[in-house]
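**Student:** If you want the building blocks of each chain, they are given just below.
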Amino acid sequence: MRTDIIQKKVEETVLSSYEAMYRLAYTYVRNEADALDIVQESVYKAIKNASGVKKETHIKTWLWRIVMNTALDFIRKNKREIAVESFDETGKEDCYQDFDTLQALQVLTQQEKTVVALRFFEDLKLNEIAAVLGENANTVKTILYRSLKKLKAVLKPTEGA
Amino acid sequence: MNEENVTKLKEEYENIKIPASLRQRVEAGIRQAEMERSEHMNEKKKSGVMVYVGRAAGAAAAALLLITVMANSGAGIAHAMSKIPVIGAIAEVVTFRQYESSNNNMDANIKIPEVSVKNEDGTVNEETTQKINKSIQEYTDEIIAQYEADVAAAGDGEGHMDVSLDYSVITDNERLFSIRFDELLIMASGTQMVKIYHIDKQTGELIGLSGLFKDGVDFITPISENIRQQMKEQMAADESVMYFLDSDVPEWDFQAITEDTTFYVNENGKLVIVFNEYEVAPGYMGSVEFEIPTEVVQDLVQDGFLK
Chain B
1 MRTDIIQKKV
11 EETVLSSYEA
21 MYRLAYTYVR
31 NEADALDIVQ
41 ESVYKAIKNA
51 SGVKKETHIK
61 TWLWRIVMNT
71 ALDFIRKNKR
81 EIAVESFDET
91 GKEDCYQDFD
101 TLQALQVLTQ
111 QEKTVVALRF
121 FEDLKLNEIA
131 AVLGENANTV
141 KTILYRSLKK
151 LKAVLKPTEG
161 A
Chain C
162 MNEENVTKLK
172 EEYENIKIPA
182 SLRQRVEAGI
192 RQAEMERSEH
202 MNEKKKSGVM
212 VYVGRAAGAA
222 AAALLLITVM
232 ANSGAGIAHA
242 MSKIPVIGAI
252 AEVVTFRQYE
262 SSNNNMDANI
272 KIPEVSVKNE
282 DGTVNEETTQ
292 KINKSIQEYT
302 DEIIAQYEAD
312 VAAAGDGEGH
322 MDVSLDYSVI
332 TDNERLFSIR
342 FDELLIMASG
352 TQMVKIYHID
362 KQTGELIGLS
372 GLFKDGVDFI
382 TPISENIRQQ
392 MKEQMAADES
402 VMYFLDSDVP
412 EWDFQAITED
422 TTFYVNENGK
432 LVIVFNEYEV
442 APGYMGSVEF
452 EIPTEVVQDL
462 VQDGFLK
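If you read the protein sequences in the order shown, they are chains B and C. Counting in the numbering used here, the first sequence runs from 1 upward without gaps. Counting in the numbering used here, the second sequence runs from 162 upward without gaps.
Only chain B is shown next, with the shape it has when bound in the complex (with noise of 0.2 Å):
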């Protein structure tokens, strides 16, 4: 496919996508500076290295995994724990669920968080998120049980507290 062509395809899809390119980057690291850079640093990437994408319906996926990417070397460059806050486990239960259920994604691994930001947040599907970490679907429907396990024990049912 020409570059041209699919470079323009690509920038309609950043254009289209970027603030749910920036809800993921702020799932990782939990601060507006920080995701701010990862998603223009993702564009960029996107851009310049649009001839890359072989078939216009992969363009979607391969600008997550780029989100993924950038946000996971960007944690690992600066080498710090992003807002990580231990959960109180004396607290009120309800107490996360009114300041910020999401906190709770902070008990899953980085890749644990991808794929349930992906597959409840962005509905993808298995095999989607599949190509987006570059695993089979099997493994990513693995990963998805046992974050949803983990969530479990963190976020109790509302009704039993």
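Don't read these hints as lab results, they were simulated from the structure. Just so you know, these numbers come straight off a predicted model, no measurement behind them. Worth double-checking, as some hints may not be accurate.
[What the hints assert, rightly or not] 35 Å max Cα-Cα, derived DSBU-like pairs, lysine-lysine: (1) C:K178 / B:K55; (2) B:K45 / C:K356; (3) B:K150 / C:K171; (4) C:K169 / B:K125; (5) C:K171 / B:K125; (6) C:K431 / C:K375; (7) B:K55 / C:K272; (8) C:K171 / B:K152; (9) B:K113 / C:K178; (10) C:K178 / B:K48.
Place chain C on chain B using the hints.
**Tutor:** Below, chain C without anything else, positioned relative to chain B:
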């Protein structure tokens, strides 16, 4: 985890506050990549010329089989000929050829005009005639070669592509004859390219932008300045408009036009500068044009070109 928790999580995810500067940062990322890419393309163009000549020659030979030479006979052709715009005495489109091809959803329709330039006494100006036709030929060969390369690359697979090249005589007044080519390439989305040839009817020569102006004057600075001003005004008036201008990194920005910048003179006799996609703005802006107020170049332009 239960449904309620998932819903709650999703809700909060969707409520992650989008900072006001996000759009700006996205645009900065796009700009950075596009500027680097265009630098890279320029380098490639320079080094790739020789390779390209070889390729184009082969493609042209193959293309010959498909080219239909329009003769001045036959009902369908008479119709086609009648569509050719009326042209003045000095320069005219005498005939055109058409390259048509269709392969597995990949179509090309390329019209190649042949221009004849005559001196005032009616004799053919061989030099300019050959020069313009040779240049048109090279330009169309390049498009055809690219199309054929794309067809070959697609193999038996599904390729969806439609490339068309059409021309029109956009100016033909006492001083200037201009023929414009519009290339439209449609794949998943469209790309638009414009190329315009101009003949100075006073001298009978093929001219570029500098040919409109008096010898030795600096027309680049005032025109570039005016374009920058127009870009700023448009961006201030409409936030969906974006040009490569005033970024943190000045080398990405639009600096100045060149002596070869594409232009035409519109029906009001005003100079219009044309930029192809990606030249001064991201691809979503398409090809962009700026009308230059004649006051800006009043003292610099030769008589008879602009009003």
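**Student:** Compare the structure with each hint and give your call.
**Tutor:** Tested hints:
1. Between K178 (chain C) and K55 (chain B), the direct Cα distance comes to roughly 32 Å. Compliance with the 35 Å bound is thereby established for this hinted pair.
2. The hinted pair formed by K45 (chain B) and K356 (chain C) meets the criterion: a straight-line CA distance of about 31 Å does not exceed 35 Å.
3. Only pairs whose Cα atoms come within 35 Å are accepted, and K150 (chain B) paired with K171 (chain C) is accepted, the gap being roughly 17 Å.
4. Pair hint K169 (chain C) plus K125 (chain B) holds up; C-alpha atoms about 20 Å apart against a cutoff of 35 Å.
5. Between the alpha carbons of K171 (chain C) and K125 (chain B) the distance comes to roughly 16 Å, so the proposed pair stays at or under 35 Å and holds.
6. With a C-alpha separation of about 17 Å, the suggested pair K431 (chain C) and K375 (chain C) falls inside the 35 Å cut-off, and the hint holds.
7. Only pairs whose Cα atoms come within 35 Å are accepted, and K55 (chain B) paired with K272 (chain C) is accepted, the gap being roughly 30 Å.
8. This hinted pair checks out: K171 (chain C) and K152 (chain B) have alpha carbons roughly 15 Å apart, not beyond 35 Å.
9. In summary, the hint linking K113 (chain B) to K178 (chain C) is supported, as the alpha carbons are separated by about 19 Å, within the 35 Å threshold.
10. For the hint pairing K178 (chain C) with K48 (chain B), the CA-to-CA distance comes to about 28 Å; that is within 35 Å, so the pair holds.
Violated hints are absent here; each numbered hint is respected by the structure.
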